[in-house]
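**Student:** Read off the chains here:
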Amino acid sequence: MSDHAHSHGDHDLPFWKKYVFSVDHKVIGVQYALTALVFLFFGFSLMMIMRWQLAYPGRPIPLIGAMLSGTLAADGVLVGDGYNILGAMHGTIMVFLGIVPLAVGGFGNFVLPLQIGAPDMAFPRLNMASYWVFFVGGVIMIGSMFTKTSGAGSGWTMYPPLAVTAAYGETIWLVGMVFLITSSLLGSVNFIVTTIQLRARGLSFFRLPFFVWAQLVTAFLLLLAFPPLEAAAALQLMDRVVGTSFFMPEGLVLSTVHLSHLSGGGNPVLWQHLFWFLAHPEVYVLILPGMGIIAEVIANNTRKPLWGYKSLVYSVIFLGFMSFIVWAHHMFMTGMGTTLSTFFQATTMIISVPSVIILTCLIISLYGAAIRFTVPMLFALAFLPMFAIGGLTGLPLGLTASDIQLHDTYYVIGHFHYVVAPGTIFAMFAGIYYWFPKATGRKMSDWLGKLHFWPSFIFINAVFMPMFFQGMAGVLRRQYDQTEQLAGAASHGLTLMSSWGAWLLALAQIPFIVNFFWSIWKGQRVSDNPWHATTLEWAAPSPPPHGNFPAVPVVYSGPYEYSVPGVSEDFCPQNVALEA
Amino acid sequence: MPPDLHYGRWSPPDFSLHGHNIDQLIDVVHVFMLALFIPWGLFFLYCLLKYRQKPGQSAQYNPVKAKISKYAEIGVAVVEVFLLVGLSMPVWAQYKNDPPAEDERYTVRVIAQQFQWNAHYAGADGVFGKTDASLITELNPIGLMEEQDPHAADDIVTINDIHLPVGRPIYMRLTSLDVIHSFFIPTMRVKQDVIPGMEVPIWFEIDAWALSDDIRGNMTAATPIEKASWYKLRHHIFAEDVVTGDGEVMAAAGDHLGESYKAGTERIAELREAGVKELVMQPRHPLQVVCAQLCGNSHFKMAAQLITHDEAGFAAWQAAQKQAVEFEDF
Amino acid sequence: MEPHPITGMYNGKFGIWLFLASEVMLFGALFSTYILLRVGAPEGTWPQHGADILNVPLAAFNTVVLIGSSVTMVMAWAYLKMKRIGMGQLFLAATFLLAGTFLVVKYFEYTEKFHHYAVFLNARMAVEGYEGQVTTISGHLAADSPALTRASNTGAYQAPEFVILEPDPPKGGGDHPPVVRIDGAQIKRLSDFGPRHSTFLATYFTMTGLHGLHIVGGMIVIGYFLATGSRFASHNLDKYANRIECTGLYWHFVDLVWIFLFPVLYLL
Amino acid sequence: MNRQIGMTWLAAVFAVGWAASSAVAGEMGSAVIKGRVVYEGTPPKPKAIKMTGDQHCMTAHTKPVPAQGTIVYTKDGNAIPYTFVYIKSGINDKYDPPGDPIVLNQHNCTYEPHVFGMVAGQGMNIVNSDPTNHNIHSLAKKNPAFNFAQPSKDMVKELRGNDTFTKPEVMVKIKCDVHAWMSTYCGVMTHPFFDVTKDHLEAPKGQEAQRGAFSIEKLPAGEYEVAAWHETFGEVKQKVTVADGETKEIVFKMGSGAKAEAPAAREVILGSENKS
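Going down the list, the sequences are from chains A, B, C and D.
Per numbering that gives the first Met the number 0: the first sequence = residues 0 to 579.
Per numbering that gives the first Met the number 0: the second sequence = residues 0 to 329.
Per numbering that gives the first Met the number 0: the third sequence = residues 0 to 267.
Per numbering that gives the first Met the number 0: the fourth sequence = residues 0 to 275.
The following block holds chain A by itself, in its conformation from the complex (with noise of 0.2 Å):
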């Protein structure tokens, strides 16, 4: 713990180290948390330019389309090239500049060490260090978009040989990618270290905070799930920048050319499984925070412990173990033979288990609460059939059979947008109407909120939810011009019902985006523990100083209890010991 022994009570630090290059875990989960959102907000209107593609094929893009350069738009009209390089962007943004550093470093950097009672992260200039590689590399994604080529455009998937004959901005894309695995390395070591070794005193494992169950297990599948990628990164800019052919079989031609100079003998299946073996774990990267967020909010508004706090434990780090074996279910259609199949759909169906306990334990929690229903519970309600819808319409996708019809439709689409937008978008919501006490001292409006969240509800559901029939009609995913297709002529009456909830889902942001702004200034100053929470976060002041604690704090008692009989008060802090 020296390593930040020397900076405690260093309170006259120069803005630039104070805000800038600070190693104090709090500011650094604040530019997290804000860079993500910049991020999250660019890629969500990247998507909206496609919706309009969607919903008006070859039909000039209102206001923006004239801005758009040559390589994604003639005379307003999004192109081709266009659509694929918005597609493939909105992806990466998404996942990879978005969710993972707003759930992981925004809110794990932020809460973490004070849910642990920690004064710091173990490694403070690390953790400043993974923020600024971080933003190098989201950067370097989004500049390269500024450039000639307009970014990637094969696919946030990237898959060879599309990705190793397109154009440079596909380099780009890996060099990016690079930066942003070598934060996520850093970051995870990081959050491992400090969870393990730096709890307070009598915060033994099963009296943590769900929340830092679900980061820990998190930070495990980034620590053993993304070098692979890295790997598989760094073999695509050899076949790429170096000319070989780990993904090139012989014999490509190339629109009537022979691709002689290449010495062949890769496989293009190979990028897929080295691929998939991260982004599979990713996906639980994605979730896993969220559902830690949801479990402090339903506990703490419902005034009564989780149900089933260890099952919980168990299910999230089984799911964080199984996460690993699951990959190839994104590669049913490759040619697979019956016998890996089988393994594969087998571990899908078991993987589906533990999240059902996850949820059922979530809900059965409601019962016999006193339910408050405040801002963050709206969102953190939203969450639970919003992700069970999300896992169930994973069932058909899972299964080899069902899959056939279903694999690269609007269907997959439907499934994991509502996993990662309604599920874990909204989780990041609850998260931040949560602790926004504890960063600022003040509180977010509560009309606002609810003005934020019920059309944000009644919207996310228009956008997605007719993805499900699309799909079923066979209406395939990356389709530039879905109308080409009998399917998707057909349906195109949802397509429009997408894309307008799409658009007026970003209307329903503008509440949200003034209350943030508003209420770090004008909001109502609230104490130390608005919400009446038991986690220690809450025994810091608000907002916490360097070093977090005035005195180091001791725990007493598990992470939820509330309402405990025989107590007035119905919330017992952590670190405050019961009257016996």
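Calculated from the structure, these hints are not laboratory results.
A few of these clues could be false.
To be verified - Taking lysine-lysine pairs in the DSSO-like style, the calculated list, with each CA pair at most 30 Å apart, reads:
1) D/K87 x A/K147
2) C/K187 x D/K87
3) D/K156 x C/K187
4) B/K95 x A/K309
5) B/K66 x A/K309
6) A/K147 x D/K156
For chain A, the structure is supplied; the task is to place chains B, C and D on it using the hints.
**Tutor:** Relative to chain A, chains B, C and D alone:
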């Protein structure tokens, strides 16, 4: 034969022998999903309504003894095992294992490229001519060794038209020239990634009655003119002549609405003005083959027509392909 | 810096172990790539033994060098634990030098490859000094062979009008066959023994290259401690010893990777 | 993203300016080399284009369409159209590109023109006159190998500066990946002394004599190597000396008679066989 066939409903019509199994599985899974979601949602709503915080009433600290959750989880596990072992694996095995015997199947090669489907038929001698990547040109898209290989002489190569006989197993050998594509016939419940450097065989059988011409007739549908949109009808042709009250022919059978949004929309408008009440149309090509894997900037354009013949019709088509083309005199 | 009761390690050491875990996944992925590519390699595109192409003696020497460097690293740490800073720094310097030696040897190994060419022929042809007919001739370009140019779009060598090659001796020894002149029309592909040559060499260069980067990284850290170490150690020797221990852990890992790479690439 | 358009234009302006300044402006002369390209021996039958798959293309052409690369006018002395005739050597000065751009039109699923020449650095406008999606893929080796789609009618892509062809290259093949039969060949020259032999559209009934004819005008006096390039029959050369004001008539013979080199646009390497 099913009376009326439709795209855009729950799932597209199915003309293959194995397809109904897949549809059945999909339906069962969705029933199961609802069976989970509905009761669970009701309980959720019940809690929200019953347990909102009221003054002077605190939450109960001790966990409820909810066996129900354990049963629910076990139930889920059991049903999933059933779905997996009972439905998915057999269907997949039927789809993947033991290909049809050489003598009864019809074999065709499909070579994907950006952005078209080339179909290679062995022709009369039933032997595929050899191909060579270095011979590939615009006119010889698969590099067929027309001079070098005697077997190649009678081979047929079609672009974006895939002709198949009904009533016997189709054995299709898929490969790609450039990037990864995915061969998908929505109406046959057939999907397979097409990967360069390897040749993956698939097989399926088309229902004996499923001739594309009959299907087209069966897909005839009337759209009220005020509901008509070019985007929905761009692949459709008029089933019969559209005649106004004063006997003027507005559109002949076989016509389409136009090739662009602008043209099509204007056409609809002028039909409406002429007092046409509804558009009786049918898809020009009812069976479509599409690419399900992103393959470049015109990926969405990579669609082929599947044209099904009975044995006689298929033979006739093959014979027709080999007649020398006569050009207009220069 | 007391070790934590549960893990029995101080933060830095625990952190390094986690980092190494991710490194294992990184090289693990590359090794599985190697296996998959080798198993799926088309007939004749993969050498029977790496030794057919690669220089085993040099690599063997390098192996010894790296193992030596691991030993000196341990010594450095041991002396620091015994509070003998001078000796510690001395062995640290030795480690640094050995690492440098490794890289120098690697440099010669690489450059040799880039001046060695393979000509892949359109059709089998008989070449004097070789048994039967061959589809590939490897050797060095003769002085009077026209200079090779690279295509601007692919970066690969353009098929020249002709090349004059001094072929390598046939497999299993024998003296150099006479110089051959190969006409451009006969050439299917021309490549040096760089990464473009084949998936095997691509794998070789990628894996050894990445390993080399790790060596360089290690040298930077060691170099930093060589420069600042004695001052650091004088005011907090324990902490410095810990730093060196962590560096050592990393260094042993890099060494271990090579101990896998050597047999896998050169001998198998 | 609009910032980037600006930058592209800036680059374009610089590039053009640079090209202009560095060129040793060559002069026009008054000599003429004209003649015909004919097939020696019995030409192969023209091949038909299968315009299947795209409704627009099929409706645009009711009669079978011959592939341009296989047309020989047997009734008109085996004249060969779509042959690029150019001064291969003998001109060392650099000529400034003309101000107005080359127009490459995609019409009824064919490129118009099918073969054309341009002066290095000259602008190029690529137009889509079809209500269908075309993909324009340049297979250039020295010049930009662009590859983009034009999904709807009347779209125009203006290639200027570094985006257009700035390095001499014979021939650059450009093709459409959606309609595989669509291809065009562009000869990029450092001078304006080239021509493409006329086809039956430029020389319709009544002027058959003009089919397969070319004429290179305003040549300075000198000794030149003149070459004729055809996508199927390859390239043939001959030496010609012209004085000021002189007009030389020459005939290029192609096909089985005259041995030609392999077309530049085709790779000459054997790929792996694909057994059946």
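**Student:** Next, verify each hint and record whether it holds.
**Tutor:** Status of each hint after checking the structure:
Among the hinted pairs, D/K87 with A/K147 is inconsistent with the structure: their alpha-carbon atoms are about 34 Å apart, more than 30 Å. For the given pair, C/K187 sits about 28 Å from D/K87 by alpha-carbon distance, which is consistent with the 30 Å threshold. Restraint check for D/K156 and C/K187: not satisfied, since their Cα atoms lie roughly 37 Å apart, outside the 30 Å limit. Proposed proximity of B/K95 and A/K309 is contradicted: the alpha carbons are some 43 Å apart, above 30 Å.
Proximity of B/K66 to A/K309 is assessed by CA-CA distance (about 16 Å); at most 30 Å being required, the pair is judged to hold. Restraint check for A/K147 and D/K156: satisfied, since their Cα atoms lie roughly 15 Å apart, inside the 30 Å limit.
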